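As a plain string of letters, each chain reads:
Number of protein chains: 2
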Amino acid sequence: MLPKQHTWFTEPYQSEGVAISWTIESHLGHEMTDYQTIDVYKTTHWGNLMVIDGYVMLTTRDNFLYHEMLTHPALFSHPNPKNVLIIGGGDCGTLKEVLAHESVAQCTQVEIDEKVTRLAEKFFPELCERNDDPRATLLFDDGLAHIKSLPPESVDVIIIDSTDPIGPAEGLFGPEFVKDCYAALGPGGIMVQQSESPLLHLALIEGIKKNMDDAGFSDTATLGFPQPCYPSGWWSATMAVKGGTLAPPNEARFNKAKLTTRYYNPAIHSGALATQLGPVTR
Amino acid sequence: MLPKQHTWFTEPYQSEGVAISWTIESHLGHEMTDYQTIDVYKTTHWGNLMVIDGYVMLTTRDNFLYHEMLTHPALFSHPNPKNVLIIGGGDCGTLKEVLAHESVAQCTQVEIDEKVTRLAEKFFPELCERNDDPRATLLFDDGLAHIKSLPPESVDVIIIDSTDPIGPAEGLFGPEFVKDCYAALGPGGIMVQQSESPLLHLALIEGIKKNMDDAGFSDTATLGFPQPCYPSGWWSATMAVKGGTLAPPNEARFNKAKLTTRYYNPAIHSGALATQLGPVTR
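Note that the protein sequences, when read in sequence, are chains A and B.
The opening residue of the first sequence carries number 1 in my numbering; numbering runs sequentially from there.
The opening residue of the second sequence carries number 1001 in my numbering; numbering runs sequentially from there.
No lab work stands behind these hints: they were computed from the structure.
All values reported here derive from a predicted model rather than from experimental measurement.
C-beta atoms are modelled at their ideal positions from N, C-alpha and C, and glycine is treated no differently.
One thing to keep in mind: the hints can contain errors.
[Said to hold, decoys possible] Part of the chain B face toward chain A, derived, beta carbon under 10 Å:
(1) Arg1061
(2) Pro1198
(3) Ile1268
(4) Ser1270
Could you put the whole structure together from the sequences, leaning on the hints where they help?
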């Protein structure tokens, strides 16, 4: 039983028999858009909480884990990332981390639902503080169509910062989209996709890796990291490289980048690359 | 709201404004002991769930993370661990991981509450499968008194596999106990303690490290890892060495040990050692 003296927001994840709940102080915003229903709550201990169609997207307190781990391993796996594309990512937290890299000349964020970004600007302003960076372009458009419109080999890193593989994001987990990403990436290009929980979603992760292999990517890896607000609290990003193998993190390059991070560092990156998908007998 | 078509077990963690819930099929066991109240539930998706005084201790599905990360970094940080002591650990999952190391000649588990082990034997038999190993000694006694009874420098590794720092385990987080551990360890000895969440319990972790420093340990580190069934899903172990610095994991020695693991490997170990306690500006 949830204690009755509080108001709780609960995300039940019935297909895996778990739920996470937060105590709520107030309901800050509610939008029904052409794509989905978005709610923002003020919590007692986790800052603000954004929910889309009943699924928790982020909280103020713990989103640094996801945004750092979706961004920095991918950018440090490319020798010199200049042009970066984000598909989804409407809360702008990934954009902020990308623009922390001085090497990046240009970053385009293609979010299908403008309301996600408008609510983030209001309720997660710290994630949007680089939205006015002259290197940033915010488009509100369909990621599937956008990727097809790009000239071949025009992007260095593509980050798929999507919702779960149901609803508007479903196509972002399909083989055709991954092939389009491959075509848009230059040699040595990196694609990274949020890939759900290493404990709960192994079949999905294997499917993402297969799509990447089938599209022609030459190496893939699934990087695990803690993410309290998502089911199981253990999440992943799956990364692929166009040609060669995924480079290990480079300590000197990381130090030169002078990033402020709460979770990411090169040893964390190496450890995440070593995430096992199931038991290993040696 | 938790969907009413299921029966849920909920652990509310009100001081941090979160709760985790599991869907339950049946209540397998209930014991009121001299120390605490123990319940075991059968869940729909997580195997069995053990709860002490309302706090979740473990589930069948995810305990491998905690048990591997409490054991293997500590044992691989000692050059040749022969005598290992576990304080707490009544579910025997840590004992099982310790005995997977062939170097270990003797492992004593000192659990205050025999009923925890009896319930584990019944409902978590896979964790108890090495309880009959001739190298294992299971004592049901007070860990605080036991550690004082040991000859100086008689133990190589001490693992504090305790409940939260309230109730019976409170003394295990105090400075005197840590000093007693220091005295019982030989040169190069390793102490490791479960140290709660790197997101929620930073002050507690700093307190543990201070106790270790004050006791005379020469190096400490807090290792983070995912642990879905505990608040925030992100947990930690804090380790200390008696003399010198904590050794990084050794790939060759790990390979020779031929462990079967689901999470632990040397790169994960290095990554865990690099866990940041808060933001780092470079």
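A quick look at each hint next to the structure:
At about 7 Å, the closest approach between the beta carbon of Arg1061(B) and any beta carbon in chain A falls short of 10 Å, and the interface hint on this residue holds. For Pro1198(B), the shortest C-beta to C-beta distance to chain A is roughly 8 Å, which falls under 10 Å, so the interface hint holds. At its closest, the beta carbon of Ile1268(B) sits 5 Å from a beta carbon of chain A; the interface hint therefore holds under the 10 Å criterion. Checking Ser1270(B) against chain A: minimum C-beta separation of about 5 Å stays under 10 Å; hint holds.
In the structure shown, no violation is registered for any of the earlier numbered hints.
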